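Enquirer: Here are the chains, one letter per residue:
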Amino acid sequence: MNLSTPKGLIILVVLMFGFGFALVPLYDVFCEITGLNGKTAGQYEGELTTKSNEKAREITMQFIVNKNDNLPWEFAPNQNQMTLALGEQKQTTYRVTNTYNTAAIAQAVPSVSPSAAAEYLHKIECFCFEQQPLDAGEHKDMPLVFFVDPELPESISKITLSYTLFDITNSTAPASDPHKVKKVGN
Amino acid sequence: MQRFLHQFCIALAFLIPSSVYAAWELNMPRGVTETSNTVYDLHMLILWICVGIGVVVFGVMFWSILYHRKSQGAKAAQFHESTTIEVIWTVIPFIILIGMAVPSTTVLIDMYDSSESDIDIQVTGYQWKWQYKYLNEEIDFFSTLTTPKEEIANKQAKNPNYLLEVDNELVVPINKKIRFLFTANDVIHAWWVPELAVKKDAIPGFINESWTRINEVGTYRGQCAELCGKDHGFMPIVVKAVTQENYDIWVAEQKATALATAAAATQDWTMEDLVAKGETVYQKNCAGCHMVDGSGLPPAFPALNGNEVVLGDIEKHIDIMVNGVPGTAMAAYGKQLSAVDLAAVITYKRNTWDNKTGEVISPADVTAFMSK
Amino acid sequence: MSEQTLTIDDHNHHDHGPAKGLLRWVFTTNHKDIGTLYLIFSLTMFFIGGMMAFVIRAELFQPGMQLVDPGFFNQMTTMHGLIMVFGAVMPGFVGLANWQIPLMVGAPDMALPRMNNWSFWILPFAFTMLLSTLFMGGGAPGFGWTFYAPLSTTYAPPSVTFFIFAIHMMGISSIMGAMNIIVTLFNMRAPGMGLMQMPMFAWSWLITAFLLVAVMPVLAAVVTMMLMDIHFATSFFSAAGGGDPVLFQHIFWFFGHPEVYIMILPAFGVVSEILPTFSRKKLFGYHSMVYALIAIALLSFVVWAHHMFTVGMPIGGQLFFMYATMLIAVPTGVKVFNWVATMFKGSLTFETPMLFAIAFVVLFTVGGFSGIMLAIAPVDFQYQDTYFVVAHFHYVLVPGAIFGIVAGVYYWLPKWCGKMYDESLGKMHFWLSFIGLNLTFFPMHFVGLAGMPRRVPDYALQFADFNMMASMGAFLFGTSQLIFVYLVIKAIRSGKEAAKVPWESAEGLEWTLPTPLPYHTFTTPPVIEQK
Chain A
1 MNLSTPKGLI
11 ILVVLMFGFG
21 FALVPLYDVF
31 CEITGLNGKT
41 AGQYEGELTT
51 KSNEKAREIT
61 MQFIVNKNDN
71 LPWEFAPNQN
81 QMTLALGEQK
91 QTTYRVTNTY
101 NTAAIAQAVP
111 SVSPSAAAEY
121 LHKIECFCFE
131 QQPLDAGEHK
141 DMPLVFFVDP
151 ELPESISKIT
161 LSYTLFDITN
171 STAPASDPHK
181 VKKVGN
Chain B
187 MQRFLHQFCI
197 ALAFLIPSSV
207 YAAWELNMPR
217 GVTETSNTVY
227 DLHMLILWIC
237 VGIGVVVFGV
247 MFWSILYHRK
257 SQGAKAAQFH
267 ESTTIEVIWT
277 VIPFIILIGM
287 AVPSTTVLID
297 MYDSSESDID
307 IQVTGYQWKW
317 QYKYLNEEID
327 FFSTLTTPKE
337 EIANKQAKNP
347 NYLLEVDNEL
357 VVPINKKIRF
367 LFTANDVIHA
377 WWVPELAVKK
387 DAIPGFINES
397 WTRINEVGTY
407 RGQCAELCGK
417 DHGFMPIVVK
427 AVTQENYDIW
437 VAEQKATALA
447 TAAAATQDWT
457 MEDLVAKGET
467 VYQKNCAGCH
477 MVDGSGLPPA
487 FPALNGNEVV
497 LGDIEKHIDI
507 MVNGVPGTAM
517 AAYGKQLSAV
527 DLAAVITYKR
537 NTWDNKTGEV
547 ISPADVTAFM
557 SK
Chain C
559 MSEQTLTIDD
569 HNHHDHGPAK
579 GLLRWVFTTN
589 HKDIGTLYLI
599 FSLTMFFIGG
609 MMAFVIRAEL
619 FQPGMQLVDP
629 GFFNQMTTMH
639 GLIMVFGAVM
649 PGFVGLANWQ
659 IPLMVGAPDM
669 ALPRMNNWSF
679 WILPFAFTML
689 LSTLFMGGGA
699 PGFGWTFYAP
709 LSTTYAPPSV
719 TFFIFAIHMM
729 GISSIMGAMN
739 IIVTLFNMRA
749 PGMGLMQMPM
759 FAWSWLITAF
769 LLVAVMPVLA
779 AVVTMMLMDI
789 HFATSFFSAA
799 GGGDPVLFQH
809 IFWFFGHPEV
819 YIMILPAFGV
829 VSEILPTFSR
839 KKLFGYHSMV
849 YALIAIALLS
859 FVVWAHHMFT
869 VGMPIGGQLF
879 FMYATMLIAV
889 PTGVKVFNWV
899 ATMFKGSLTF
909 ETPMLFAIAF
919 VVLFTVGGFS
929 GIMLAIAPVD
939 FQYQDTYFVV
949 AHFHYVLVPG
959 AIFGIVAGVY
969 YWLPKWCGKM
979 YDESLGKMHF
989 WLSFIGLNLT
999 FFPMHFVGLA
1009 GMPRRVPDYA
1019 LQFADFNMMA
1029 SMGAFLFGTS
1039 QLIFVYLVIK
1049 AIRSGKEAAK
1059 VPWESAEGLE
1069 WTLPTPLPYH
1079 TFTTPPVIEQ
1089 K
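Protein chains in written order, with this note's numbering: chain A, 1 to 186; chain B, 187 to 558; chain C, 559 to 1089.
Simulated from the structure, these hints should not be mistaken for lab results. There's no promise every hint is true.
Said to hold, decoys possible - Straight-line Cα separation of at most 20 Å, DMTMM-like style, residue types lysine to aspartate or glutamate; simulated pairs:
| no. | chain 1 | residue 1 | chain 2 | residue 2 |
| --- | --- | --- | --- | --- |
| 1 | B | Lys256 | C | Glu981 |
| 2 | C | Lys985 | C | Glu1087 |
| 3 | A | Lys158 | B | Asp299 |
| 4 | B | Lys521 | A | Glu125 |
| 5 | B | Lys470 | C | Asp627 |
| 6 | B | Lys261 | C | Glu1062 |
| 7 | B | Lys261 | C | Glu909 |
| 8 | C | Lys840 | B | Glu302 |
| 9 | B | Lys363 | B | Glu302 |
| 10 | B | Lys335 | C | Asp627 |
| 11 | B | Lys256 | C | Glu1065 |
| 12 | B | Lys521 | A | Glu74 |
| 13 | B | Lys319 | A | Glu74 |
| 14 | C | Lys1054 | C | Glu981 |
| 15 | A | Lys158 | B | Glu267 |
| 16 | B | Lys256 | C | Glu1062 |
| 17 | B | Lys470 | B | Asp353 |
| 18 | C | Lys977 | C | Glu1087 |
| 19 | B | Lys256 | C | Glu909 |
| 20 | A | Lys158 | B | Asp304 |
| 21 | B | Lys426 | B | Glu337 |
| 22 | C | Lys985 | C | Glu1065 |
| 23 | B | Lys441 | B | Asp326 |
| 24 | C | Lys1054 | C | Asp980 |
| 25 | A | Lys158 | B | Asp296 |
| 26 | C | Lys903 | C | Glu1065 |
| 27 | A | Lys158 | B | Asp353 |
These numbers were taken from a predicted model, which means no experiment stands behind them.
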């Protein structure tokens, strides 16, 4: 009997199992390129871009936090809202306070709405790139330096940027896996 | 005549109790926004197209069942293929689908309108309640089911808004564009109000957005629409749309209440007042898991009656209430309840059922702990 | 010429029949025995899943919490779904495949008989493990058969690990079974039977088997990722570590959507066998029916996110998945029209298999209509996660998949055991099932549209009347299935002898064999006439 059929099928099975896992980085890449699901890209490496000769359009940026019982620290933006021109570099800070009586490490994860705006938000410096260790009772004002790409679609005039703070003190994962806690992250 | 009327009234009396419940609702509501109306119309269009297709297809089949029976002497024809007819009944459905897709696309594009809004509200789903934060107003509150446990347990007759009533309703003005930012505290929830035709998943760590513009004053009720654990069916949504004037009044009231709550934390409270308040806080927030009588559902939800911590270390008790117990279902109520509510429920638990510590934990004690 | 050949050792025996004793069933490699094992297993799981449905409908009979607490209710809905999907429907169709495929293509057995045995015997172990979670601390899984993260990871009870292992075992069983079917159909058809001469049931299983081989590994991948998130501190589905709960949904539904076609395609095959027989007329449009099956299978890979219209996809994504989903209606419609054309101007009789097959065509189409409605993304915001969806999938699964299995059993049982079942009991089973299921599931359209969410143990008062009706229908439907059990046992033990071709114009190789079937058949391949 021809055994090439079963062999071929087993290879297909293994490939599809691998495909399941491959969907994980594929999803990330797809999200970074398209800004799907409000995931922002990592640290912006390029230069400030502005449309020349035109007065840049102004939009509103809103800063909020997502509550998360996993880490019920004091965490709030120091500025709720700002108006800015597209291409203009701006800065704001978020204040975080460790209300535990032990030291801990937090990771801030951003999310942008509308999700179509995510790929146009360029972060030059962001506290979400690094883990944030805090001693018991310590508080910090964490910086965010950014600008919004002038190519932002006309239909979007307000962008909301939200951070969720997660407790990663106990994550003992090795650094090699991109899906474990990263130093330079989204 | 009198006898007839008499009997008629008795008959009516039997009908009325069931007619209070019996809505025999058949269809989606039209709703109170432009979006909800276009969605309803699209729904009816698709439904009628499907009914039409069904009538034709089933009509042919039922015709065969009636007139092509062997028992009636029908002889089988011999045809069994026809490329022409296959092409026809591939192309025609395809065209019908395009006819459906065009209005569907238009309605969807309208829903993705991200133009400037008048009010922004951050909606956070918790196990098992909603939190609403008005981003431009510094108003922030929880909205929890208030249907009494006795009604759910069939010990009391159910009121007309059974399972669809909350303590703090989401009050919004009519004719203003309201933008919602959805997220969640723990697992995925979904916020759904049928009469606004808004449903969006609330995903922990991410924000989703949707919008609405309500045309009519009224109260609109919805429910959580994503399985989120034990009490998924018990975390409703109530939106109260009011005129702009009434909305402004409500905003002012909310701010005044917030000030009053903060002030109450610095006042002295008696044991009786704390226990009384604590009982309502407990019913609303704790009884779902720890049971009305404090017996809990061990091991997931410990009994509080006779509980070691409740009877013992005050500092530890306050810590558990404020910070929760990470890795379990016990939430960090420091973020959800005021200092007064926390003090009240702690005092209540320590002085009810078989627990008789006689201890009073004041709001000041709680505030002191939280500022350490 | 292929590189390897396998000679089937003939033992120089006459038909020695099956081994004696219970161990026969443990060690059998005979496709008929294994088919029987799968069917009995499927029927058992159908009743277990059905009892869970009883608990659900009993609690939902009236508003208020009467019987169970909300946590246990979630366990019931979860286990009901898992058991019906993986324990009743899928093994039921594999049972029919095992019995019929070798007979229909003139093969002596399946290509890999020992693997066939193992494919079956994994299942009782997998389901014992799954059902045992009901008795574990923290209870059985209560996160829905779709087990979204993080409810199924961070917030799951300890039994989730056993759930994951059970899924792995079921997956391995399905993959091996599917491989067996593909290898058999490609390599062991009687000489002269080209692919386009295969019976429709064989075609439907060939395509289904490819779907299984393609997507069961993806399910295995997603539950492995769950396992890693739960036990090995990864963050596939947790935003804390850079992951995303929505990723879970994408990977799950990439499996999940083809899975529902896996559950229905074999039913299409059964109906395509039965309707021509009782219409005394060949199936209309054989080639189109094959192409339609292939089109449905291919399209099933690109529509998964229609289960996710409310997660916050960008509009481009919503539109793509809406259009692709609507497109599946075209080949499915072609199949329905072809079935109706088969009946049209035939010479119809209405024995029990035909009753189930006709009900399938009508009621599956009703489920298809609610499917088209669900595909319309902006309106789906009002339907998603409501009882409207529950109505839709129960229409395609109960008078769809389940009726397909039952119709196949009624149709082929006389050939398998050489005895006729009691036709009046069969018709009674049909009518009570038909009335029961419609009473149960039709009202669910209404309460869903009126605003009742799914997976809730209690509901607001305006949903009370239809819920009471649905519960009564469920009790009727459930108890009527006992008639089926009684009828099958009665037929096997004391039924009237069946003729070689009990159905007047049945065509196909299986009907050329003696009734009852010998233990070994087609040890010499038959000669196929070229048409």
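Enquirer: Next, verify each hint and record whether it holds.
Expert: Cross-check of the supplied hints:
1. Lys256/B - Glu981/C: holds (18 Å)
2. Lys985/C - Glu1087/C: violated (36 Å)
3. Lys158/A - Asp299/B: Status holds; Cα separation ~12 Å.
4. Lys521/B - Glu125/A: violated (29 Å)
5. Lys470/B - Asp627/C: Roughly 18 Å separates the two Cα atoms, so the pair holds.
6. Lys261/B - Glu1062/C: holds (14 Å)
7. Lys261/B - Glu909/C: Roughly 18 Å between the alpha carbons, so the hint for lysine 261/B and glutamate 909/C holds.
8. Lys840/C - Glu302/B: Cα-Cα ~63 Å, so violated.
9. Lys363/B - Glu302/B: holds (8 Å)
10. Lys335/B - Asp627/C: holds (13 Å)
11. Lys256/B - Glu1065/C: holds (18 Å)
12. Lys521/B - Glu74/A: Holds, because 9 Å separates the two Cα atoms, which is no more than 20 Å.
13. Lys319/B - Glu74/A: holds (16 Å)
14. Lys1054/C - Glu981/C: It holds: about 11 Å lies between the C-alpha atoms, which stays within 20 Å.
15. Lys158/A - Glu267/B: violated (59 Å)
16. Lys256/B - Glu1062/C: This hinted pair holds, its Cα atoms lying about 12 Å apart.
17. Lys470/B - Asp353/B: Between lysine 470/B and aspartate 353/B the Cα gap is close to 9 Å, so the pair holds against 20 Å.
18. Lys977/C - Glu1087/C: Between lysine 977/C and glutamate 1087/C the Cα gap is close to 29 Å, so the pair fails against 20 Å, i.e. violated.
19. Lys256/B - Glu909/C: This hinted pair holds, its Cα atoms lying about 12 Å apart.
20. Lys158/A - Asp304/B: Since the Cα atoms of lysine 158/A and aspartate 304/B sit roughly 11 Å apart, the hinted pair holds (cutoff 20 Å).
21. Lys426/B - Glu337/B: Measuring from Cα to Cα gives roughly 24 Å; hence the hint is violated.
22. Lys985/C - Glu1065/C: violated (23 Å)
23. Lys441/B - Asp326/B: Measuring from Cα to Cα gives roughly 10 Å; hence the hint holds.
24. Lys1054/C - Asp980/C: holds (8 Å)
25. Lys158/A - Asp296/B: holds (17 Å)
26. Lys903/C - Glu1065/C: At roughly 19 Å apart (the allowed maximum being 20 Å), glutamate 1065/C and lysine 903/C satisfy the hint.
27. Lys158/A - Asp353/B: violated (32 Å)
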